[in-house]
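Assemble the whole structure, with the sequences as input and the hints as a guide.
Given next are the chains, with one letter for each unit.
2 protein chains.
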Amino acid sequence: MTKTELTDLYRGYIACLNRQDWPNLGQFVAGDAIHNGRRLGLSGYIAMLERDFSEIPDLYFNVLMLVCDPPYVACRLGFECTPTGRFLGLDVNGRRLSFGENVIYEFRGGKISEVWSVLDKVAIEVQLAGGR
Amino acid sequence: MTKTELTDLYRGYIACLNRQDWPNLGQFVAGDAIHNGRRLGLSGYIAMLERDFSEIPDLYFNVLMLVCDPPYVACRLGFECTPTGRFLGLDVNGRRLSFGENVIYEFRGGKISEVWSVLDKVAIEVQLAGGR
Chain A
8 MTKTELTDLY RGYIACLNRQ DWPNLGQFVA GDAIHNGRRL GLSGYIAMLE
58 RDFSEIPDLY FNVLMLVCDP PYVACRLGFE CTPTGRFLGL DVNGRRLSFG
108 ENVIYEFRGG KISEVWSVLD KVAIEVQLAG GR
Chain B
8 MTKTELTDLY RGYIACLNRQ DWPNLGQFVA GDAIHNGRRL GLSGYIAMLE
58 RDFSEIPDLY FNVLMLVCDP PYVACRLGFE CTPTGRFLGL DVNGRRLSFG
108 ENVIYEFRGG KISEVWSVLD KVAIEVQLAG GR
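The listed protein sequences correspond, in order, to chains A and B.
Position in the first sequence counted from 1, then plus 7, gives you our numbering.
Position in the second sequence counted from 1, then plus 7, gives you our numbering.
Among these hints, one or two may not hold up.
[Claimed, not checked] Quick list of in silico lysine to aspartate or glutamate cross-link-like pairs, EDC-like style, CA-CA up to 16 Å:
#1 A:Lys10 x B:Asp15
#2 B:Lys10 x B:Glu108
#3 A:Lys118 x A:Asp76
#4 A:Lys10 x A:Asp98
#5 B:Lys10 x A:Glu108
#6 B:Lys118 x B:Glu12
Since the hints were made in silico from the structure, they are not lab data.
Pasting the structure below:
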């Protein structure tokens with residue numbers, strides 16, 4: 008897959024997430040996908056996302072930076088959202104947060120086979136403590 | 008700069024960190040470098056690293072994954088190390104930790120001009136709580 012094709016595919020994946028279009032997620036995520044070392048498979052991957060949207064009703068994935076080197080995509084995602092209760096073990100309780108996620112994806116056969124994701128929990132803690 | 012050249016340059020930067028070779032860090036880091044939104048400059052960047060090595064005497068940067076798309080490099084770094092006291096606001100106190108960092112670099116004029124780094128604090132918390 009060329010860099011342009013993979014970039015387009017990745018943006019299609021993000022659009023699918025933002026539509027919460029779970030019936031079509033299998034176009035982008037492999038049936039045996041691994042997320043942060045856990046073999047979730049497609050159904051587990053969807054369950055994870057459904058939980059995310061349940062905890063954060065206004066969740067929206069913004070692609071801030073995209074680094075494409077087939078078969079890998081690295082991305083900085085930005086979030087401006089409002090978790091309703093606890094999030095990452097923190098009592099957010101409806102405060103509006105702004106934070107990033109740095110995530111690397113490996114694609115195989117045109118689908119995401121493995122994901123290494125790190126959310127910027129430290130940035131959230133600073134905001135909850137009253138900092139910027 | 009080609010992908011191969013940028014990859015080699017980045018690996019040279021990591022080797023420089025692991026040698027704690029601060030007099031030569033200016034070969035890799037711009038004089039006005041920004042790290043997670045803060046304009047540290049070269050001197051502030053070195054001060055940050057000196058503090059890291061002071062808090063974590065056995066700090067060593069392992070490149071686990073490298074995604075190169077000039078002028079950007081994205082990397083998953085792995086750490087197996089022993090912070091002596093507090094680290095990221097957590098009482099580590101000499102426990103051995105294993106965690107990752109997902110980091111994206113922008114290069115300008117052959118040097119790192121901006122860095123977006125996220126350490127996997129959640130993985131550290133799991134280990135301190137007695138999990139894997």
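Evaluation of the provided hints:
For a cut-off of 16 Å, the pair hint linking Lys10 (chain A) to Asp15 (chain B) is broken: about 21 Å separates their Cα positions. The straight-line distance between the Cα atoms of Lys10 (chain B) and Glu108 (chain B) is roughly 22 Å, outside the 16 Å bound, and the hint therefore fails. With a C-alpha separation of about 15 Å, the suggested pairing of Lys118 (chain A) with Asp76 (chain A) holds against the 16 Å cut-off. Of the supplied pair hints, the one linking Lys10 (chain A) and Asp98 (chain A) is violated, its CA atoms being roughly 40 Å apart against a limit of 16 Å.
The straight-line distance between the Cα atoms of Lys10 (chain B) and Glu108 (chain A) is roughly 24 Å, outside the 16 Å bound, and the hint therefore fails. Taken as a hint, the Lys118 (chain B) and Glu12 (chain B) pair is honoured in the structure, with Cα atoms around 12 Å apart against an allowance of 16 Å.
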